[in-house]
Each structure stands twice: as C-alpha cells, then as structure tokens.
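S.K.: Line order of the protein sequences matches chains C and W.
Numbers given in my numbering equal positions in the first sequence, counted from 1, plus 145.
Numbers given in my numbering equal positions in the second sequence, counted from 1, plus 145.
Hints are computed from structural coordinates only; laboratory data are not their basis.
One or more hints might be untrue.
One copy or two, it doesn't matter: identical chains are merged, so the pair holds either way.
[Unchecked claim] Heads up, simulated SDA-like pairs for lysine to any residue below, C-alpha to C-alpha not over 25 Å straight-line:
| id | residue 1 | residue 2 |
| --- | --- | --- |
| 1 | Lys200 | Thr156 |
| 2 | Lys356 | Met432 |
| 3 | Lys204 | Asn440 |
| 4 | Lys356 | Ala505 |
| 5 | Lys200 | Asp268 |
| 6 | Lys410 | Asp323 |
| 7 | Lys513 | Thr471 |
| 8 | Lys200 | Gly159 |
| 9 | Lys356 | Asp442 |
| 10 | Lys423 | Val441 |
| 11 | Lys204 | Met233 |
Number of protein chains: 2
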Amino acid sequence: MARLVMKFGGTSVGDMDRIRNVARHVQREVNAGYEVAVVVSAMAGKTNELVGWVKDGSKLYDAREYDAVVASGEQVTSGLLAIVLQEMGIPARSWQGWQIPIETSDAHGSARVTAVDGTRLLDGFNTHHEVAVIAGFQGIHPPTGRLTTLGRGGSDTSAVAIAAAIGAERCDIYTDVDGVYTTDPRIVSKARRLERVAFEEMLEMASMGAKVLQVRSVELAMVHRVPTYVRSSFDDPANPGLGTLICDEEDIVEQQIITGIAYSKDEAQITLRRVADKPGVAAAIFMPLAEANINVDMIIQVVSDNSTATDITFTVPAAEYERARTLLETAKAEIGFDRLEGATDVVKVSAIGIGMRSHAGVAAKAFKALAEKGINIRAITTSEIKFSVLIDEAYTELAVRTLHSLYGLDHAA
Amino acid sequence: MARLVMKFGGTSVGDMDRIRNVARHVQREVNAGYEVAVVVSAMAGKTNELVGWVKDGSKLYDAREYDAVVASGEQVTSGLLAIVLQEMGIPARSWQGWQIPIETSDAHGSARVTAVDGTRLLDGFNTHHEVAVIAGFQGIHPPTGRLTTLGRGGSDTSAVAIAAAIGAERCDIYTDVDGVYTTDPRIVSKARRLERVAFEEMLEMASMGAKVLQVRSVELAMVHRVPTYVRSSFDDPANPGLGTLICDEEDIVEQQIITGIAYSKDEAQITLRRVADKPGVAAAIFMPLAEANINVDMIIQVVSDNSTATDITFTVPAAEYERARTLLETAKAEIGFDRLEGATDVVKVSAIGIGMRSHAGVAAKAFKALAEKGINIRAITTSEIKFSVLIDEAYTELAVRTLHSLYGLDHAA
C-alpha cells in the first residue's frame, strides 16, 4: 500500500475544533487507501509560552532543559489527534520522537536528525492498520538519552525525515498558505502560486527568505528525493485545493529561467576602508568572524586608487551586526584598515531559477533593469542557479516588482 | 553522603516565582550536605486543562493517549526547576519517568510502579554532583514502550518509590498543610498536628478519607520502610517549620491509643430486606458487585424475627451507588429478597490507632459516647488498629468532635 506523510503546523492544531479539522484531512487520505503518518506541531502559542518560562528561569538557560520543556507541546497535540481520530473510528496511536526513535545530534535547541528508524511505524501500519500520529520537532540523542528539539520549523524536518524512513510516496506540508509563490504576494499583487519547484530552487528560496519551509527540511527532501507538497490546511477537507509540489527538476516539464524572487531584510553591510592589500588580510578579517560563529555572506573587494590599499565589503546577519563590528574594531590594528562603515538599512533581493544554468546574461539583464529604476547595487553574489543583489532597503518593493516583471513571472489577470 | 527526596505538588510549582521558592528549599538541603532528588507535579491547573482537552476529544478516550497527553505537565516543571536551580548555581538535571526508568504496569491512568532503577540517578550524584529533578506522576510500561501515569496524587508515589530506589534517608512531601492532623481542623478547631504517625495508621487514615497523601504512596513507604515527612511548602525556605513524620511504630515513643479521627462522606448504604437465609446467598449478592469492580466495605447481617430470612446491610462508594442498585435489582429473583433500601446521606467516621491492639474496649467506649449524644449507628466495622461507624451525615461534626475529645486528642489551649 502507498504511504503518505501529512504535516500540520501550530495554527492548524490550535484548538480542539482545528484538531478535528486536521482529523478530517487525515480521514480523506485514509479513505483514499493511504497508510498515513501525521506529524504535528504544538498548539499555536504554546511553544512561545514554554520558551517564556524558560527565559524567565534563566537568561543563560541549559539548552538540554530547554528541549525537555518545549518538546512537551508536541507531545500534547500528538495524543489529542490520536484520540480524535479514534473517536472518528480511525485506528491511531501517538509516537514521541524517542519512541520511534528519531535520533539526532546533541546540538540542543537546533539538533540535526541523524537517523530515523521506520520499523515500528511500519509495524503499526501492517499489524494494527493504524495511523501514526507523530510529535514533530522532537528527537532523542541516544548516547545521553536526552530529549532534543530541531529548532523553529523543525516539524517540517521531522515530516520529511519520517517520509524518507518509511518510503512515503509524498510528504504533504499543510500550512497557512496554499503553496510557494513566485514572490511575496504581500508586495507583488501579481505573484503566482507555482505548480512545481525543483528541490534546488526551493533550497535557495528558503535560504533567501521565503518562510514557507525550514531550510533543513528542504535539504533533507532533496537528499532523499522526497516529493514534498506545500498546501493549505484551511481547505475544505472534503474538497481540498492545489498547492506546490517540490520535486526533481526532471519532473518539471515547463522549466522557467527564473522561478521566483526572494528578499531578506535580515542583512547588515560592513565595509572596511583602505585595508592593507597584503597576503593573509582576508584571513585576518574573516577568521575571527568564523570563530565567533558569525555567518558572512556576500563579499566584494574593490581595489582603490591607491594600489597598496583596498576596500572590502561584506554582509552579516542583522542580528550579528553589533557583535561583528565590535570584533573587527578590536582587531583593527592587527588587520590594518582605516575605518569601518556599516549599514543595516539594506535588503538582499535574489532571483532563483534552474534555467539560469543554461542561459547566459540572465543577471546582467537585472542589473540594467535596476539601474534604469535608479536603484544602486551595493553588492552582488551569484551561484549556478541564483543571483543576489544588496540594495537600500527603501527600494525593496520596487526592486522585487521590477525583477518579477522582467522575468515574466506576473500572472496574466 | 546522605540522600533526600523532596516532593512538591502543583500549587508549589504553580508559576515561576513559586518554582524559585521550591529551588530555595532545595538549596537549603543541598547546603546541609544532602544528595537531593526532587519530584515535581505539573503546574496547578495544567493537568485539568489537559484532561479537559482529552475529554473534548472523546468521551471514551484511549487511556494510553490520555497518559501521553497528561504526562506532559510534569515534563515542563521538571525542566523549569532544573533551569532555576542551575541559575542559582546548583548543578541539576531533569529526568522523565522513562529516562530513569520508572517501570509500571499497563493500567494506563492509574498504573502501579513495578520497578525503579536508581542507577542513573546515583551516577548523577556521584559523577556530576547534580540535583535530580524528576517528573512525578509518570512512568513507562517497558513491553510496549508507552508512557503511563499513576493517577491523581501519583507524584507522592513517585517520590516514595524513588526514595526506596536510591536508599534515601527520608522522603519529604511538601504540601499546602503543615502535616497530618488528629482530625480535619476545619471541623474540629482543637485538632492537633501529629509529630509522628506509624505507617499502618497513616495507611488507615489515608484510606479513611484523610487527603494528605495518596494511599499507594503510604503502602509503598510502609513496604520499603521509607520515613516520610509531610510538611508545608509555604514555610520560609531559610527557616522551615515542623511537619509530621510517618515512620515505624518502634520510632514512636509516646504511643497514643487513638492517633486520629477520619471521616468519609463518599459512602452509600444499601440494605436488602428479608434475604432468604440459605447457603450461597452472600455469594449471590457480592459476586456480581465484585465482577463490576464495585468495592464493598462494611457488611452486617442481622437475623430477623423470621428465622428463614435475614437483613443484609453494606456500603459501597457513593459514586457506584446507582450502578450497584441496578445490578442488584436485576438479580433480585436470583438472590431472593423482599426489597432494597438505600441511603446516600451517610458518613463513615473512623478512629485509628496502633494502641488499640493492646487495649480492650476502645470501640465500646465510643459506641456509648455516641449513643449519649443521640447518634444512631447504622453499621460498624473494626480492624486491628481502627474501627469505623456508619451514621447519618447530619451528625458528622458532632460525632468527630465527640470521639476527638473522648480519646484525649484535643489540644490544651
């Protein structure tokens, strides 16, 4: 029999009526003949309540205890959904991460899934013909026997990992939107829902600021080639609408050059003026940042008029901006630069598409279009299937709309 | 090093400030040189909230899923108390029932503790010098790997079981009263806190309606001879007051004849009139009740004037009264009786004391004193260390006060 994983987030299980609605979605798939594993998050607001208590308890809390506390939210919803399914006449049982087990690293608070044993879940399908209701977000670190959690959005990753472990035909991610869009519909009214997106594209889009899926869940789906379907939990369970399938690029018939435009305001720019142009200077700048776990993204180096010095510009996450400045100012003499300039009112706009691989000049067209609108580009990075530009935050909407039109993504109406 | 178990109920961990107060009690004992295991309940109100959701999900809910849901409350408080202790500079870690493990039967919702392995907790003391913060109320049924709970008040039982497993010097039960009283202070203003109570006496008092401790926890303390100290969590952590020690009777120097007076309104009386006085009739009455899990307590049989028939009176829990009546009326022809009379406005008043063993006529004195107050006794049962009388509920306070004075339990002031 074909197997299916269905994942529901916190809003979808926010109260008993919504849990009953989730159960009706599950019932539909059971009736369609699937063996179903459902992955649930905690009730909306519960995780925040638990995190609030932890932080009240200690500013420098033990991440292992944080995990013990916050993992309880998913335990509750998994049991409740099992009860509601049984009430509807559908055999079901709850599974905690440690019962399956979902094995993870010991990076408490943002642990990585290292192994999932599907044996017990498959035995539940074969022997008891029961729906497996799985507490998302949780795992266990076997050497210590302690509870772990996978970080915000971790239930997506739980769902994909389970799908891979039980050989599911598909992993359905039910969320509060009906799929992945060409860009943020709140700023581009002509944004379109995508029928299909390639794993690689979705990975770039998630990394570049599209919040639909946790980045790690997309990585995992790509590695294990799990077709992942993003769809709305607000659809009528008896007659659901369409969503977006994240799949192999071979399964996408009409490949566009550019699939979507993403943006991220979570960026800060740092420029070091008149850095001594000598070997090892890049290491002197970036090693201390790496050691402090500050993720450097775009880097550009411009040779200034005086050939013995150069300007270096790069971006860091906005949340790390102050820490990065302090680190660099402290190492100023060692690195050797004139002064540090920074900006937090910047945005990174990215265009993503597998079609870029086989088309030259895709990015150049964008630079020209943005220049014609008077938008100054502070930095550029490119990869095989995306390019990003760093611009003033004030131009966010204008830039996104310009690129969305440029690459033919606007819907017809 | 001496080891100590400390147990705190839901009111004591009701919010973060109260959890900090609990931590100060723990700190005092750590500073006094104890290796400490703390057992915590869920925050006051949380278990009721969880039970409410379960019942909303299904009237006939799966007790295994009920356990998965409600066990989450203790998981939260164990993690939070560990965090608060760490914040105070006291090494600590949380333990879930399944991590220790606390092994139980599969009687979900009211499971019995079958084994507790103290090895990991002792390793925590020896290797990490850390306080063990244990989620009460929970266990695991190893053959199925499922979560279990021990029923209302189950954290008391967790605490005593842990104390036995780690060879604790004492198990301190922190509660909202400062100990065990000679009777309910709400109806007898002259009630006194007992310094010491023997295990056997406490078991009778808990069974007879004193709500301070779960009956099973007292059984377990008696079997494993764990000195159990009932004390107030509202005391100043720096300067706590006294409580009541539940201990071996050999450790009680001044043994009273009667230690305490308990009462229970949770009783109903059933009288079968003119039952045929033939062999096997008692079995015909009581077997169906036993098979329906209805617990029959006091039984008296009076030969009526007509020697071929007899009246039989007994009590059942008030909650089972209607079910018992229906069962008996259904079996009326088979049993052979004239009519069934019942009453729910009755109360069972009990006097408990190990000294009864060596003193004759203790109960007779009570019957006389009650008669002098015009209180009619409907039924009597006695055991080695207690006697109980069933009387009209209206006379509860008068009877309790009468017996309390009779046996010299009133305090001097």
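S.K.: How do lysine 423 and valine 441 come out at 25 Å by Cα distance, when the copy is not named: within, between, both, or neither?
M.R.: within (21 Å within a copy, 94 Å between copies)
S.K.: Up to 25 Å between alpha-carbons, please classify lysine 204 paired with methionine 233: within, between, both or neither.
M.R.: between (44 Å within a copy, 12 Å between copies)
S.K.: Give the relationship of lysine 200 and threonine 156 under a CA distance limit of 25 Å: within one copy only, between copies only, both, or neither.
M.R.: So lysine 200 and threonine 156 pass the 25 Å test inside a copy (23 Å) and across (21 Å) alike.
S.K.: Between the shortest in-copy and the shortest cross-copy C-alpha distance, which are at most 25 Å for lysine 513 and threonine 471: within, between, both, or neither?
M.R.: neither (37 Å within a copy, 88 Å between copies)
S.K.: Could you figure out if lysine 410 and aspartate 323 sit no more than 25 Å apart (CA to CA) within one copy, between two copies, both or neither?
M.R.: Only inside one copy: lysine 410 and aspartate 323 sit 24 Å apart there, 58 Å across copies, limit 25 Å.
S.K.: Checking an output row: lysine 204 and asparagine 440, CA cutoff 25 Å. Within, between, both or neither?
M.R.: within (24 Å within a copy, 52 Å between copies)
S.K.: Please sort lysine 356 with aspartate 442 into within, between, both or neither, judging by C-alpha distance up to 25 Å.
M.R.: The answer is within: 19 Å in one copy meets 25 Å, while 63 Å across copies does not.
S.K.: Go through the copies and call it for lysine 200 and glycine 159: within, between, both or neither, with a Cα cutoff of 25 Å.
M.R.: Intra 23 Å, inter 16 Å, cutoff 25 Å: intra and inter.
S.K.: First find the shortest C-alpha distance between lysine 356 and methionine 432 inside one copy, then the shortest across copies, and answer within, between, both or neither for a cut-off of 25 Å.
M.R.: neither (30 Å within a copy, 64 Å between copies)
S.K.: Can you tell me if lysine 200 and aspartate 268 fall within 25 Å by alpha carbon in one copy, between copies, both or neither?
M.R.: neither (40 Å within a copy, 29 Å between copies)
S.K.: Is it within a copy, between copies, both, or neither that the alpha carbon of lysine 356 lies no farther than 25 Å from that of alanine 505?
M.R.: neither (29 Å within a copy, 81 Å between copies)
In terms of the numbered hints stated before, the structure departs from hints 2, 4, 5 and 7, listed from lowest to highest.
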